[in-house]
Amino acid sequence: MIKNILSQEYYEDTISQNLISFIEKHVPKIDDATLYYQFPFVRESNGNVAVSNIMIISRIYGVVIFKCDSISKKRNDSEILKLDEELSSIENTIFAKLIKSTNRKLKRGKRDLSFNLSSALYLPKFSDDNSCFENQVIKYHLSLWIKFHDFIIHY
1 MIKNILSQEY
11 YEDTISQNLI
21 SFIEKHVPKI
31 DDATLYYQFP
41 FVRESNGNVA
51 VSNIMIISRI
61 YGVVIFKCDS
71 ISKKRNDSEI
81 LKLDEELSSI
91 ENTIFAKLIK
101 STNRKLKRGK
111 RDLSFNLSSA
121 LYLPKFSDDN
131 SCFENQVIKY
141 HLSLWIKFHD
151 FIIHY
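Under the numbering used here, residues 1 to 155 are what the sequence shown spells out, in order.
Misleading hints may appear alongside valid ones.
With a cut-off of at most 27 Å between alpha-carbon atoms, the simulated DSS-like pairs for lysine-lysine come out as follows [said to hold, decoys possible]:
{"id": "1", "residue 1": "100", "residue 2": "139"}
{"id": "2", "residue 1": "82", "residue 2": "97"}
{"id": "3", "residue 1": "25", "residue 2": "125"}
{"id": "4", "residue 1": "97", "residue 2": "25"}
{"id": "5", "residue 1": "147", "residue 2": "25"}
If you're looking for bench data, these hints aren't it; they were derived computationally from the structure.
Sequences are here, hints too, so could you generate the full structure?
Given below as structure tokens:
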């Protein structure tokens, strides 16, 4: 996997490092993928800038975006909700830009992309099982493996 890590913050971001390490070791056919750390930057409607921790682009898996945090239930639910909203904003912006593209290879129709675009919150220390968020919350490596394995089945 090609890694584009242009920030020194990566070396202190153990949650993202653990996620990347797991993906490299356990996700099949990931060698052709490109990984971006802290990319893309998206300006939200309120003027704030949102950035994903990890974005993976692969012919097999499509575009998979992760927002990672060491957040636990002890932290305020509004912080978790903010992460969820930022991730949704990033995914929606990427989708909008891709669907407007004139490149026919990117689209299956007027409203469908020809590849998967998905996102997830990677919160390995989060303890609440009853929270309801727009994005999938991944707490365990098994859930992460299943997320990628489902793409293989449909490929």
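Hints, one by one, checked against the model:
1. 100 with 139: It is violated: about 34 Å lies between the C-alpha atoms, which goes past 27 Å.
2. 82 with 97: 23 Å, holds
3. 25 with 125: Holds, because 21 Å separates the two Cα atoms, which is no more than 27 Å.
4. 97 with 25: 32 Å, violated
5. 147 with 25: With Cα atoms ~15 Å apart, residue 147 and residue 25 stay inside 27 Å; holds.
When each numbered hint is compared with the structure, violations occur for hints 1 and 4.
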